[in-house]
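Q: Each protein sequence line maps, in turn, to chains V and H.
Using the numbering used here, you'd call the opening residue of the first sequence number -15 and step up by one each time.
Using the numbering used here, you'd call the opening residue of the second sequence number 569 and step up by one each time.
Treat the hints with caution; some may be incorrect.
Said to hold, decoys possible - With a Cα cut of at most 30 Å, we get these calculated DSSO-like pairs of lysine-lysine: (1) H/LYS730 with V/LYS268; (2) V/LYS268 with V/LYS193; (3) H/LYS710 with V/LYS268; (4) V/LYS272 with H/LYS825; (5) H/LYS601 with H/LYS782; (6) H/LYS725 with H/LYS684; (7) V/LYS272 with V/LYS63; (8) V/LYS193 with H/LYS730; (9) V/LYS193 with H/LYS710; (10) H/LYS729 with V/LYS193; (11) V/LYS272 with H/LYS782; (12) H/LYS725 with H/LYS664.
Read the hints as simulated data drawn from the structure, not as lab findings.
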Amino acid sequence: MEFLSKFPQMDDALLRDLKKSIDESFRGFTRAYGDGIESFFEPLRLFLVYAEQFMTRTPWIVIFLLIMAIAWFGSRNWKIVVGAAATLLLIGYFGMWDDTMKTISMIFVCTVISIALGIPLGIAMSRWNRVQSVVNPILDVMQTMPSFVYLIPVVMLLGIGKVPGLIAVVIYAMPPIIRLTNLGIRLVDADMLEAADAFGSNGWQRLSKVQLPLALPTIMAGINQTIMMALAMVVIASMIGVQGLGQPVLRAISNQYFTLGMFNGFAIVGIAIIFDRVSQAFGKRLQKHTEVVHG
Amino acid sequence: MAEPIGIQIRNLYKIFGNDAASLIDKVRTGTTKTELNDKYGAVLGLNNINMDMAAGRIQVIMGLSGSGKSTLIRHINRLIDPTAGEVLVGGEDVVKMSPEALREFRRHKTAMVFQKFALLPNRNVLENTGYGLEVQGIPREKRIETSMRWIERVGLKGFEKKYPNQLSGGMQQRVGLARALSNDAPILLMDEAFSALDPLIRVDMQSVLLDLQKEIRKTVVFITHDLDEALRLGDSIAILRDGEIIQQGTSQDIVLKPADAYIANFVREVNRGRVIHVEAAMSPLVADTALPSGSVTEGTSLDDAMKHLVASGADRLTVTDAQNRPLGLLDSATIVAALVGI
C-alpha cells in the first residue's frame, strides 16, 4: 500500500548525488570559463558605464531638456510633455534625481540590447516556421521562470554588478519585442506581399520596404512592452548590485522604511508612465495613415 | 516606349493539392474536376489552357468566381507556378526562368494592377507610384519625374502628397494604374482591377484605360466577372469556366455566336445595340437600285446607327467600309431584328 500513499520518488541518496554533481560541474565550468565570459561581456559593461556617466555627470538641466525634447518629438503632444516635466521635477525635488538617472540609463541600455537582439530574431521567426517552433517555448520559459532562478547561474558566472543585472533584465524584457515583431510581420496583408513580388522585389526589398514598415506599429507596441517590463525588473536587479531606484526600495524592505519605499516606488511608476505615454503616442503617430478615413 | 510583346499559353494545367505532379496524367486522360476532388482531394484550377494574346491588344479573360481567371493571370508573371505547361512571353518560357531571371522579368516586362489596390498605406501617392522604379534601383530624381508624369496622366495631379487612406476607391485605383504604368513594361496585368469600384466610377476608369491604351499600346490582360466590361474593353475575349476556356473570340463572336447555353445565358443580359456592329446586321446590297444617301462605316454600333437614322430622318442607310465603298443596307427592321437576336 505504500506505493499508493507515497509517490514513488527517486532514491534520496541518488537525488542528492545528482544535484551535487550538476552543481559541481557548473562550478567547475564557472572556474574554467568565468574569466573568459566576463571579458566577453566587457564591452557591454563599458556601454553601461558610459551611459550612466552621461546621465549622472551631465548637468541636470541639460538632461531635463533632452528628455523634454524626446517627449515632444515622440508624441507631438503638449499635455504629455508638461506631464513628463512635472513628474521629473517632482522626482528631483524629492531627492531622487541621481537614482532616477541611473535607472533610466540602465533601462535605455537594456532596451537597446533587447531591440538589437529581438527584432532580427522576430524576423527570423516570421520567416521560418521551424525557428518559430524552437524559439516560442524558449520565450515561454524566459517569461515564466521566476527571475531569481536565473539570477543564480548568472551571479555564479559573472558575480555581482551591472552586467549580470543587465542580463537578467534583458532575459525578462526581451520576449515581447521578439513575439510582436514576429506577429507584426505575419499579419502583413498577403495582397501587399503579392504586389511586392509582382513588381520584382527581392527578399531584402520585400522585408525593408513592405514587411517592416507595415509591421512597425506592432513592433512599437513590443518596444513599449519591453520598456515596461525592464522597469518592472529594476527592484529585482538591484538585489545583484544594479544601482538606481531599486536599491532604496530594497533597503526600505529590509528596514521597514515605509516612506522611502513609497517615494522610490512612485518614482519608478512616474518614469514608467512617461516612457509609456511617449512611446505609445509615437506608435500611434506611425499608424496614422493606416486608419481608414474613407469608407 | 517598350515594344509590345505577345503572350502564348500552351497546355497549361494547375492542380492545387498535395502530389499535384502525379495527378497530372489522370487529368490529361480525362479525369474531371469533380472526380479529382472526390477521389484525391485535389482541386483542378486550370485545365489545358491554350491562348494567344496578341501584342498591343487588350485580352479580356472573363469568368465567374472560382472559374480560375485570377489563377490564370498569376501564371503570366508566375506568382503561381503551373503544374504543367508553358507560358511564352516574347518567345521565352516564364515557367523555366531562374529566380533571378524571373525577378528581372517582373521588373521590366510586366506590371500588375490589383483588385484590392494593394497600395502601401505608409507611402503617399508619389512614393507608391514610384515603387516599381525604386525596386529597379532607378535614382530618386528620375523616379519622381516618371511618377509625376503618370500621376498627371491618370488625373491625380495635386494629390501626390496624399496617403491612400485619404483617397476614394476610384482614386486609389488610379494610383494603382499609375504605379503599373510607371514601370513602362510592355505587359499590363489587370486582375479585376475595376471590380471593387462603384458602377459609375468603373465606367469612368474603363474610359481612362481605353484612352491610355490608344497611346501606350501595351499588351493588356484584363480579368473581369462583368460581361459588359469584357465587351467594352476586350479586343479579344476568352470565357473561362471551371478552369477551362469555353469560348475565345471578339465581342461580336461572343454576342452573336455564343458557344454554348452557359454563354448564351450571359449574353441575354447584354445591351446588344452597344456591342453589335452594323456589318453584322446589314442586308446585302440590291443590284440596280440607288443607294440611300445617308451612310455609316463598318464597325459602328447599332446604337449609333439608330441615332444616325433618326437624326437624318431617312428610312435606310448604306453601310460602307473605311474606303467609303458600299457593303450593305440597313433599315429599322434589320436593326430591330439584330437587337432581339433573330
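Q: Checked against the structure, which of the hints given earlier come out wrong?
A: 3, 4, 5, 11 and 12
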